[in-house]
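Colleague: Here is what each chain is made of, one letter per residue.
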Amino acid sequence: MSEEKKGFFGRLAAGLAKTRNSISNGLNSIFSAFSSIDDEFYDELEETLIMADIGINATMDIMDDLKTRVKEQKIKNPEDCKQLLIDSIVDQMHVPEDAYDFEKKNSVVLVIGVNGVGKTTSIGKLAGQLKSDGKRVLVAAADTFRAGAIDQLAEWTNRAGVELISQSEGSDPAAVVFDAVTAAKSRHADILLCDTAGRLHNKKNLMEELRKINKIIDREYPDAFRETLIVLDGTTGQNALAQAKQFCEVAEITGIIITKLDGTAKGGIAVAIQKELSIPVKYIGVGEHIDDLQKFDPKAFVEALFEGDKKEE
Amino acid sequence: MAFDSLSEKLQNVFRNLRNKGRLTEDDVKAAMREVKMALLEADVNFKVVKTFISSVQERAVGQDVLKSLTPGQMVIKIVNEELTRLMGDETTEIALKPGNEITTIMMCGLQGAGKTTMAAKLAGKFKSKGRKPLLVACDIYRPAAIEQLRINAGKVGVDFFQMGTDHAPVDIVKAAIEHAKSNNENVVIIDTAGRLHIDEEMMEELITVKENVGIDHTILTVDSMTGQDAVNVAETFNAKLEITGVILTKLDGDTRGGAALSIKFVTGKPIFYIGTGEKMDDVEQFYPDRMASRILGMGDILTLIDKAEANYNEEQARELEKKIRKAEFDFNDYLEQIKNMRNMGGLGKIMEMLPGMGIGGMNLKNVDLAAGEDGMRQMETIINSMTKEERANPDILNPSRKNRIAKGAGVDIADVNRMVKQFGETRKMMKQMSGMFGGKGKKGKFKMPFNMKF
Numbered sequence: 000m001s002e003e004k005k006g007f008f009g010r011l012a013a014g015l016a017k018t019r020n021s022i023s024n025g026l027n028s029i030f031s032a033f034s035s036i037d038d039e040f041y042d043e044l045e046e047t048l049i050m051a052d053i054g055i056n057a058t059m060d061i062m063d064d065l066k067t068r069v070k071e072q073k074i075k076n077p078e079d080c081k082q083l084l085i086d087s088i089v090d091q092m093h094v095p096e097d098a099y100d101f102e103k104k105n106s107v108v109l110v111i112g113v114n115g116v117g118k119t120t121s122i123g124k125l126a127g128q129l130k131s132d133g134k135r136v137l138v139a140a141a142d143t144f145r146a147g148a149i150d151q152l153a154e155w156t157n158r159a160g161v162e163l164i165s166q167s168e169g170s171d172p173a174a175v176v177f178d179a180v181t182a183a184k185s186r187h188a189d190i191l192l193c194d195t196a197g198r199l200h201n202k203k204n205l206m207e208e209l210r211k212i213n214k215i216i217d218r219e220y221p222d223a224f225r226e227t228l229i230v231l232d233g234t235t236g237q238n239a240l241a242q243a244k245q246f247c248e249v250a251e252i253t254g255i256i257i258t259k260l261d262g263t264a265k266g267g268i269a270v271a272i273q274k275e276l277s278i279p280v281k282y283i284g285v286g287e288h289i290d291d292l293q294k295f296d297p298k299a300f301v302e303a304l305f306e307g308d309k310k311e312e
Numbered sequence: 000m001a002f003d004s005l006s007e008k009l010q011n012v013f014r015n016l017r018n019k020g021r022l023t024e025d026d027v028k029a030a031m032r033e034v035k036m037a038l039l040e041a042d043v044n045f046k047v048v049k050t051f052i053s054s055v056q057e058r059a060v061g062q063d064v065l066k067s068l069t070p071g072q073m074v075i076k077i078v079n080e081e082l083t084r085l086m087g088d089e090t091t092e093i094a095l096k097p098g099n100e101i102t103t104i105m106m107c108g109l110q111g112a113g114k115t116t117m118a119a120k121l122a123g124k125f126k127s128k129g130r131k132p133l134l135v136a137c138d139i140y141r142p143a144a145i146e147q148l149r150i151n152a153g154k155v156g157v158d159f160f161q162m163g164t165d166h167a168p169v170d171i172v173k174a175a176i177e178h179a180k181s182n183n184e185n186v187v188i189i190d191t192a193g194r195l196h197i198d199e200e201m202m203e204e205l206i207t208v209k210e211n212v213g214i215d216h217t218i219l220t221v222d223s224m225t226g227q228d229a230v231n232v233a234e235t236f237n238a239k240l241e242i243t244g245v246i247l248t249k250l251d252g253d254t255r256g257g258a259a260l261s262i263k264f265v266t267g268k269p270i271f272y273i274g275t276g277e278k279m280d281d282v283e284q285f286y287p288d289r290m291a292s293r294i295l296g297m298g299d300i301l302t303l304i305d306k307a308e309a310n311y312n313e314e315q316a317r318e319l320e321k322k323i324r325k326a327e328f329d330f331n332d333y334l335e336q337i338k339n340m341r342n343m344g345g346l347g348k349i350m351e352m353l354p355g356m357g358i359g360g361m362n363l364k365n366v367d368l369a370a371g372e373d374g375m376r377q378m379e380t381i382i383n384s385m386t387k388e389e390r391a392n393p394d395i396l397n398p399s400r401k402n403r404i405a406k407g408a409g410v411d412i413a414d415v416n417r418m419v420k421q422f423g424e425t426r427k428m429m430k431q432m433s434g435m436f437g438g439k440g441k442k443g444k445f446k447m448p449f450n451m452k453f
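Chains A and B are the protein sequences, given in the same order. Residues in the first sequence are numbered consecutively from 0, following numbering that gives the first Met the number 0. Residues in the second sequence are numbered consecutively from 0, following numbering that gives the first Met the number 0.
These are computed hints drawn from the structure, not numbers from a lab. Among the hints, a few may not be true.
Simulated DEER-style distance windows between Cβ atoms [said to hold, decoys possible]:
hint, chain 1, residue 1, chain 2, residue 2, range
1, A, ASP132, B, MET201, 51 to 61 Å
2, A, GLU275, B, THR50, 24 to 34 Å
3, B, MET201, A, GLU78, 34 to 44 Å
4, B, ALA29, A, GLU78, 44 to 54 Å
5, B, GLU80, A, LYS244, 44 to 54 Å
6, B, LYS128, A, GLU275, 44 to 54 Å
7, B, SER54, A, CYS247, 49 to 59 Å
8, A, GLU275, B, ARG390, 55 to 65 Å
9, A, ALA182, B, THR50, 29 to 39 Å
For each residue, glycine too, the CB sits at the ideal point set by N, CA and C.
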């Protein structure tokens, strides 16, 4: 456990080092520039939250909450105010203890999301990690739509040394999932990871297809532990909330993977999603390497959210 | 949906602005607060929003409100004009060299933006214009990226060039251009790997290509759902690679696409095309005005305001008002109204333009618009079959005249009867309405006979 943690922080720190070129103003500079808590201070704070993609509504809520607490606790010092804010968001982003139970059970993990968020890559990384934990992993290539998707996944499963269940491009994804579930049962796989095609959440028929896939797993493998992860691109803004909401309609989402957090984007929309839908973030993607899919650490995430620019503008 | 509540909010603010001849500072400030929220919710970068709001505020305060608009509409009009101006005043295309000279186009962007798909779509687009494109696979990192491009090249029916994953992109591009020359191909489209703008090493790879091979267009592909970070991405790509322009992808989603404004703001480069679907021909021209109203989340209400202005001048309105008061409203006026509706794009377009109807008229499915439009077309035909005398004096229509009109219009006499009855009711209603409006001589109050609420 301690070794894993070190790896996590090491990786995250390396990923975050890149954010230093970011042009956004960070909290640190705000806190040092203000000696008292006033409107101007709150405005700056608000701006930082919005610039992190937390969104206007969630930001307003957070700010109202903060102001109330500052009053209640008679806080005068901006530095204390900062800690209060960080603590409250960390609290909110708390990952439940049973978040990774699927790793220990016979489970089916369905991975969904819009186009280009990094579903296939995330599955490849997850497969590799689970395999090296000694799990028997099976992967289903249910993205039968995008050109090259199956080959891409095959490459990842090759690297990870796990089995892939696939049909040809253009075949029925539900059929692939059916095959994969059957194989998972007969081969006694611990974990079945299902890749799906990227679909925009406002496309009715594609969302129905997902519902169908979901039903097949329910029906064919009722005693499997179910985990449904939505992958969100960390650079996405407010639309990620709409995505999460719409995907919730067709599948019971149990967790979020936020990818591409090694850039300058902060992925703050996850805070808004957690607030509104109470879905915990379980993983973050911070790079292209197989180890770059990390278990979510609220404290590190929130601090990174507020970690500002070291370079003067 | 967020959109609807937003335009409702704006409308609430604007409701309070009614009946004033000139926009005061307080009016504008109240409206701007909502506009600011709208833009932030659309993911326009915070700093861009601030700059934009202050410039619009400056322009709006003290402006006379056009007679044909309410103060609220006037503010939206100004906001929209400024937004459109910022987005670029006109549509721009990627300029290709004349004749058989080779144009080189290099795609670049973050991972998952949609470069590979868009590269193939562009190739298809140029091919349909009679060009001979070549697709070049330079994404040597992502597993199966080359395969993806090869398959898509096949789908659009253009030539494809690759050298596997063991050569540097600059060498692949050089060889590809030779290949194009010997095969008489004149548009070379280079797909590159997705990369982070802050990844120096990967950015260097593209700089090397640019420096060693003449690249005519470097196109930044951006996911339209990008949030606040769009400015960082666009600014860095532009600074390092001097991009020619931008392509926005995944606009068939329901994102408001504020990133478009942020990118335009920080780079000043044109947005060429938008990706609007999964099929290979789902690539469209970029229209700054449409994007502006999408970002604002007001449907195309602004277009409607403009069109209402253009198609219905005040003089006409006053003339009509006079006629209605005297109950002189005849078939000629009726025809005029139908034509006005038509000029505004027909019933469907008008409905789509109204806020609350959702982007692309998503909520319109339950409304039988086609029937409405058919009805309008039929009315027009029937009126066109009347004599001048009949049009000016609706009361002279008797069964024999109606019979002739029905034959001329190719419709049943029942249709003519229904139309005449409908007209009678409209006239009655208008007379009553003119009673409501009349007397006090308020100018410009009676605006549109087909009463549209904003």
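Colleague: Work down the list of hints and note, for each, if the structure agrees.
Modeller: Taking the hints in turn, this is what the structure says about them:
no. : hint                              : result
1   : A:ASP132 <-> B:MET201: 51 to 61 Å : violated, 31 Å
2   : A:GLU275 <-> B:THR50: 24 to 34 Å  : holds, 30 Å
3   : B:MET201 <-> A:GLU78: 34 to 44 Å  : holds, 38 Å
4   : B:ALA29 <-> A:GLU78: 44 to 54 Å   : violated, 36 Å
5   : B:GLU80 <-> A:LYS244: 44 to 54 Å  : violated, 33 Å
6   : B:LYS128 <-> A:GLU275: 44 to 54 Å : holds, 46 Å
7   : B:SER54 <-> A:CYS247: 49 to 59 Å  : violated, 40 Å
8   : A:GLU275 <-> B:ARG390: 55 to 65 Å : holds, 59 Å
9   : A:ALA182 <-> B:THR50: 29 to 39 Å  : violated, 57 Å
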